[in-house]
Amino acid sequence: MRSSLFDAPSADAIAESLTARARVRLATWSDAAVADLLADTVFHERKRLESDEAPEAYVALVDRAARCLRPLGRAEMDAVVFALVDAYAREIHNPFSARTYGFATRILPGALTRLLSASRGRDLVLGDFDPQSRILIDGPLDHIRRLAEKGTVILAPTHVSNLDSPLIGYALYAAGLPPFAYGAGLNLFSNPAMAFFMRRLGAYTVDRRKRTRLYKETLKDYSTEILRRRTHSLFFPGGTRSRSGRLERKLKKGLLGTGLLAWQENLREGRPDPDVFVVPLTLSMGLVLEAETLIADSLAEEGKQRYIIMDDEFSQTRTIASFVRRYLALDARVHVVFGEPMDVTGNRVDAEGRSLDPAGRVVDRRGYVTDRTGTVVFDEQRDHVYTERLAAHLCDAYVRDLVIQSTHLAAWAAWEALRAARPGLDTWRLVRLPPDQRVVRRVDVEQRIHAALPGLAAYRRVGPASAPAILDDAIRHFASYHRKRAIVAEGADVRLDCELTLYYRNRLDGHRMTQ
Amino acid sequence: MKLGIVADREAAETYAALIRAAGNEPLAWSGAAVPDGVPAVAQFSGAVDLWLLAPAPDQLRPTLDALRPGPADRIVLACRGFEPDTGMRLSEVVEAVSACLRVGVLAGPILPGEVRRRSPSAAVCASRFEDVAETTARALHSPLCRVYPSADLLGVELSGALVEVVSAALGAAKGLGLGVGTQALVVSRGIAEGSRLAGRQGGDARTFAGLAGAGELIACLGVPDHPGLHRGLALARGEADPALAALCARLLAFERDLPITAGVLRVARGEVRAADALQALLARDAREEFEG
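Chains as they are written, first to last, in this note's numbering: chain Z, 1 to 515; chain F, 1 to 292.
Derived by calculation from the structure, the hints in this document are not laboratory data.
Nothing false has been slipped in among the hints.
As a list, the in silico DMTMM-like pairs of lysine to aspartate or glutamate whose alpha-carbon atoms are at most 20 Å apart:
(1) K253(Z) / E130(F)
(2) K2(F) / D371(Z)
(3) K484(Z) / D472(Z)
(4) K253(Z) / E388(Z)
Pairwise CB distance ranges, derived in the manner of DEER restraints:
(5) S190(Z) / D131(F): 45 to 51 Å
(6) S188(F) / A27(Z): 51 to 57 Å
(7) D350(Z) / R189(F): 50 to 56 Å
Positions of the beta carbon are idealized from the N, C-alpha and C atoms, including for glycine.
When you get a sec, could you build the whole thing from the sequences and use the hints?
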């Protein structure tokens, strides 16, 4: 199965396409609207460039944009916009290398095995690591492979850790799926070796520090353009790692909506394989590498401002290696569940790529975007509602496909026991309880797990069957990696680290739990 | 523009008159009432620009099963309440049984007798899709009927359901022989209840004060044979009303702080007499008039 990444366009071609899109858009804008766009760019970029480094040519371009704010005429304003788009396009796009991909796929399983079983630490207990037995892939893979041949696939995963990307890369390879393009934060390119591979394996560069409208529009145009060119793409629709531990509930509609736009453009142009499909992907693991930093960030007032965390556990290679070794030493598994494929409005699709109504009848989805003569009608407001529906269906799939682990269930039960023991305290006060009050009776936790189990039959779950064994399993996991332990056994009680307990408990926030 | 109507005879004639007054062409589904002079068609898909459906809530699902709307269709629901068996909002039923996503709701005091007399009226059309609300406005808007578009689909649907309850409370007040002051009290506190209901559910708190709420209540006061008033008169006579009780229970599942609805529920279940329910409501402490 061949992805169009193998025929990836050059940076010149991409820059030309995105500039052409900007040209079409600007043709309908007033002078004042273009001036606003440039003012937005100058304001945000000058502020950013006070602390960030940038190529001289780019700084000069921002200065040129600033000069446009004095009336210099529409032609100059347009020229600056196109020059900025050209610069952004070249920064975003990275040339995929079939050679590097071939090399990586040949060495990946062996490298993963060696990496994860190498004797580097005193705590090492692993023998031979077999990725296939530890990274469990599930879902309608034949269906998805077929769709990847019929059209373009958008993969929309949950996101908790920076380890998700290599994990998904492996899962795609192991599932026999082609490589996917994906947006990677500029900070992830800081390691030269990592950057070398990422650039050549389908990663395009996303600089989240650039907050200008023009940059965001260019990024969306880039995504639309590569989807239109049949490049399978991966978006983390939550935008960033879940800080609270919750499954994604509010998705970013901007990139997600580019699938709908690409499909409409393909229809309008009469392309032979116009369809775009969306596949939810739910990652489940008992422990999360960056849990301590993420929940602290979620609880901190400045959490919302701190979109890019540069100094978390992922930035320390030794910590990653330690986490992976300790996690695997627990005989723990990572579950990668591909969900039911959908069309770009959220309807299920069959193996032929046809959309189905709720009764399973085939429907002609072109009617969503065409008038009675069959002509494609672009309507941004309508498309926003369609994309909201798609997002809602993705969120439902995440809940449905999550593989509930002992750590989630035990943390949920322990948190509920703590809340019941401290009635009237809100989440914030519970998290700030003094250490001597962070204790609940073990039997209370077990009872809550026991009561929840029948209701969880409707969901995916792994781990022991009985409540005491589930709690023990969770305690064993929590003891293996984090500096602080979410739950520790203390005789007839268990002691909680409230922040970590909350983090792992939150994973079940969207599930119907029986108290 | 062509519009397909599914409604009982009186409503179908009313909508056909409004559609013609707006310079458009009505068609009627052959599986329901076909007014004189309105062409009948067996299927709407591909034949009309907009479907105007006004079946009883329990008949919406079978109607959709028969008509099978698809992605290209636009539906406006001119019926109100919840699906009895599932408690779903009626727009949710459309999405649950079909691939039609472009759905709107029409609500407001459009009274058949007044349309026949060519007395102007008005309605609100709410949809998450601007295109649906605007198409409905173009389809019906004329000097005979003003149609206001709205994005608050949830608010208008909840308003339509609550109007049934508050109009029954008004009928009960009339049945007990109480005066216009009491009726004004029920209307104004009904509006407060509607604002709270819609606002707390994520809708627009102002919606109930518009045509879908206050407009309907004011109109029902002046229509002696209004079905809501009739239900209320029956409640005042001590007759239970299980369907009304189910509607109240569904609304209270959305929002518990609905005193009139809670009172009507007890009367409709036959648990208390209407006069006692009224006394219980009047015995409550008064709170700030516009408390959230």
